[in-house]
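Engineer: As given, the protein sequences belong to chains A and B, one line each in that order. Quick note on the working numbering: the first sequence kicks off at 64 and runs consecutively. Quick note on the working numbering: the second sequence kicks off at 64 and runs consecutively.
Since the hints were derived computationally from the structure, they do not count as laboratory data. Treat the numbers as computed from the prediction; the structure is a model and nothing was measured. Please note: incorrect hints may appear among the correct ones.
One copy or two, it doesn't matter: identical chains are merged, so the pair holds either way.
[Stated by the list, open to error] Straight line, CA to CA, 20 Å or less: simulated EDC-like cross-link-like pairs of lysine to aspartate or glutamate:
(1) K336 / E390
(2) K319 / D400
(3) K109 / D276
(4) K94 / E463
(5) K79 / E441
(6) K81 / E245
(7) K94 / E429
Below, each chain spelled out in residue letters.
There are 2 protein chains.
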Amino acid sequence: MNTEKPNPSYFDPFFKPKGIAMIGASSDPNKWGFRVLANIIAGGFKGLICPINPKAGTLFGLKVYPSLKRLPGLVDLAVITIPADRVLKAIQECAEQGIRSAVIITSGFSETGPEGQALENELVRMARERGLHFIGPNSMGIFSAASQLHALMPPIQPLHSGVSFVSQSGNVGVQMLAWGIERGVGFSKFVSSGTEGDIHCEDYLEYFTTDPDTKIILAYIEGVESGRRFLEIGQKATQTKPLIFFKGGKSDAGSKAAQSHSGALAGRYSLYKAASRQAGIIEAETTDSLLDYAAAFLYYPLPRGNKIAVLTRGGGWGVVAADACREWGLEVPLLSDRLLQKLNRVLPPYWSHGNPIDMAATLNPEAMPMCLEALIQEEEVDGIIAQGVEVRLRGPMMIERLRKMNLLDGINREVIADEHEHIPLIMELMAAYKKPVIMVSGVSSSPRAVSYSGRESVVFPTPERAARAMAKLWQYSRYLQGL
Amino acid sequence: MNTEKPNPSYFDPFFKPKGIAMIGASSDPNKWGFRVLANIIAGGFKGLICPINPKAGTLFGLKVYPSLKRLPGLVDLAVITIPADRVLKAIQECAEQGIRSAVIITSGFSETGPEGQALENELVRMARERGLHFIGPNSMGIFSAASQLHALMPPIQPLHSGVSFVSQSGNVGVQMLAWGIERGVGFSKFVSSGTEGDIHCEDYLEYFTTDPDTKIILAYIEGVESGRRFLEIGQKATQTKPLIFFKGGKSDAGSKAAQSHSGALAGRYSLYKAASRQAGIIEAETTDSLLDYAAAFLYYPLPRGNKIAVLTRGGGWGVVAADACREWGLEVPLLSDRLLQKLNRVLPPYWSHGNPIDMAATLNPEAMPMCLEALIQEEEVDGIIAQGVEVRLRGPMMIERLRKMNLLDGINREVIADEHEHIPLIMELMAAYKKPVIMVSGVSSSPRAVSYSGRESVVFPTPERAARAMAKLWQYSRYLQGL
Chain A
64 MNTEKPNPSY FDPFFKPKGI AMIGASSDPN KWGFRVLANI IAGGFKGLIC PINPKAGTLF
124 GLKVYPSLKR LPGLVDLAVI TIPADRVLKA IQECAEQGIR SAVIITSGFS ETGPEGQALE
184 NELVRMARER GLHFIGPNSM GIFSAASQLH ALMPPIQPLH SGVSFVSQSG NVGVQMLAWG
244 IERGVGFSKF VSSGTEGDIH CEDYLEYFTT DPDTKIILAY IEGVESGRRF LEIGQKATQT
304 KPLIFFKGGK SDAGSKAAQS HSGALAGRYS LYKAASRQAG IIEAETTDSL LDYAAAFLYY
364 PLPRGNKIAV LTRGGGWGVV AADACREWGL EVPLLSDRLL QKLNRVLPPY WSHGNPIDMA
424 ATLNPEAMPM CLEALIQEEE VDGIIAQGVE VRLRGPMMIE RLRKMNLLDG INREVIADEH
484 EHIPLIMELM AAYKKPVIMV SGVSSSPRAV SYSGRESVVF PTPERAARAM AKLWQYSRYL
544 QGL
Chain B
64 MNTEKPNPSY FDPFFKPKGI AMIGASSDPN KWGFRVLANI IAGGFKGLIC PINPKAGTLF
124 GLKVYPSLKR LPGLVDLAVI TIPADRVLKA IQECAEQGIR SAVIITSGFS ETGPEGQALE
184 NELVRMARER GLHFIGPNSM GIFSAASQLH ALMPPIQPLH SGVSFVSQSG NVGVQMLAWG
244 IERGVGFSKF VSSGTEGDIH CEDYLEYFTT DPDTKIILAY IEGVESGRRF LEIGQKATQT
304 KPLIFFKGGK SDAGSKAAQS HSGALAGRYS LYKAASRQAG IIEAETTDSL LDYAAAFLYY
364 PLPRGNKIAV LTRGGGWGVV AADACREWGL EVPLLSDRLL QKLNRVLPPY WSHGNPIDMA
424 ATLNPEAMPM CLEALIQEEE VDGIIAQGVE VRLRGPMMIE RLRKMNLLDG INREVIADEH
484 EHIPLIMELM AAYKKPVIMV SGVSSSPRAV SYSGRESVVF PTPERAARAM AKLWQYSRYL
544 QGL
């Protein structure tokens, strides 16, 4: 009996399968066997897809096979949606046909009580006996960018990037995939780990640590099997890539709910906090910030220190940004005379002469680029929070309204659009100087992906969220520097 | 010489002017005298509008007057955009023509240094001598829903509602007006108070306290003249309406920036915290939460206690919500056997049997309405956080993709859209039971206004933001109950 923990090599068929058997394929759109299959096909999976259903026939133009016997090519992954009481038999048949990896979407196991727990125990025993490993049960599925594999319950097609994400909640997980689309956070691999009968959260984290396609690791964790192993994996991971986690079950009520949800013994939150400090792991305090931090690590270089220049068009937003920097442990230092003099040459006489650099609503569109260049060159500046990186005064909208009112007679209609856009320049500066210039724009009210001539980034909606993200970049940078 | 603080009656011409003189009206779209005038006209102000410019002529089809003499009707408010060195004279002329209220948008006063401070002092002295009161200088303008008055620098047309808002930052203020449009937060009155040469933040707060159109008071505060007066006004205000503030200048760096921005001596943050506790004033910790709380007080009834039921479709989101409730001082109590039995009749056998009420991804669209009705009727539930109040599985999108791939042969195309919408029902339940059911939906990633058959509300994007908002409703309710 194989009772070893899965070795990372077991993971390849999950994320790079050659062929998939969809056990429970259905023509009934109300069944998950229809939806997951549809998502796999619509997602563009390039390998072999074998729908399995005793009724045979065809589905989405594909031949349906009555069983796993006599499949037309190599199948190394099974995706299972049939009812719980038939899963054991299916797993047995998989093993018989040499399929050693399965994603069990079916629910009704340990999450439902002692009876389900017994069924799950039996499932694990049988799978290990036969050298088969499975994700789930009660998983909402997996995603892999490399294989264009969308074995997911909801029809989400995530962006692609170097973020790999294990979630002990399917609902939280797929929501992040969906939010990531507008926030510019793409994924390399995603797994909804379900009740973790076989493969545990720590196993995925370990795999992501060694996976070359994974640049950033994300995790929604309710509880791990071994806190010590989590810490060890974290220490290894953070040597080469950031690991960002959100902890579900921080409170009495939350951890009680977690126990009923994932069966996880949530473990004391303080242990996770300590692990995070010791291993350079980043904690996301809210579900929103989980994606904020992923975006920050994806698109912004690490600051070498914590001395932040705050650039603003309006004094109030400068105040808010400075407060947020201090709240999150960043410095907003005085500027050197030399730098002040450089800025004096760019800015109108009534600028703030300090940090935050309040450009005092100057109408000169060149002021911001010149300030940014002046600031980023200086040793005394480790990073910049740049507010108002795009200006859209909605002037044209107002003019249109007046035109409709027939009130523009005698007016110079060549109204400037008054839309400035400094985002491309900022992306260039960051690439050149390798310092983070976190962009803030009120144009949208949540983080927003931006893309110019092949470069991509994300703009934050408030200085508070930008400062929080900068602080996490600094936390990781400091850890790497051994400070 | 009139050195009295302005009496609330002074405010009427600001927010309900009969006629406006726009001093500095211009046909040059690069000047604020063009833009503010354009915004006033485009905004639909119904009273008399008299553009003033020595060049006379016409502008937007309106006759331009060379001076304030011989205006064609009653003008009781001046909006001033001419350069600082000419403002004193303009104010003098206003007083001569019986105009006793002015909004001074012009900058270049105390915010620029000692010289500007001297000019501002002279302005205040002169205005008070003549019984004239002014907003600003360095104001970004005012808005009044009752008069459709949009004397604002940016072309924003806020929604209308019972929120009145004084902001010691113009930029923060107008950003809130703009964000309010999508987040369902409308305004009754808005004032960007500028450097507060004459009328101070406390004065506006006092006016809003007695103003019958103001149901909720909002403030962005860097510093007040008198902490004691702020506390007294707060105590009076909160007897009849919530007062929500965001404090700029909480940290060393922030308060230094505030001093250079608004000239405000930011005052110790701890004093504001204490005032908030003593007077039932609500603090918004972030600029995002300022609007979140305004929306919560606008659209949700106050809970009578802090016992919250968390309703969820997915276990993970229930865990997150429970943690957030506890973090913000709300209870997530055990449910009575009676209530559990009621829920048992509605939910599948494997539901969580606890609070959070995890409906365990039941596909029955009636489960959520039935649970909500069961919960809201019970004494043991003071409020509900309802997650997943709308389901949009993007099924149709996926089906369309398959259709384009010509892969739907033999498939029952009557795929259910699988979109449920429980928002209208929740609005009805809240109206009937006077308990808050704060709605959470992942469909958008920021708070979103919703409207059904004449009822309006706002949906929160995460349970954390919903819980935070619920906690503030409870804070105010507890204060009113003397608990």
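Engineer: Against each hint, give a clear statement of whether it holds in the structure.
Structural biologist: Results of checking the hints against the structure:
1. K336 / E390: For K336 and E390, both the intra-copy (18 Å) and inter-copy (16 Å) Cα distances are at most 20 Å.
2. K319 / D400: Answer is between; shortest inter-copy Cα gap is 18 Å, intra-copy 57 Å.
3. K109 / D276: So K109 and D276 pass the 20 Å test inside one copy only (19 Å; across, 63 Å).
4. K94 / E463: between (50 Å within a copy, 18 Å between copies)
5. K79 / E441: neither (46 Å within a copy, 52 Å between copies)
6. K81 / E245: neither (31 Å within a copy, 46 Å between copies)
7. K94 / E429: between (58 Å within a copy, 18 Å between copies)
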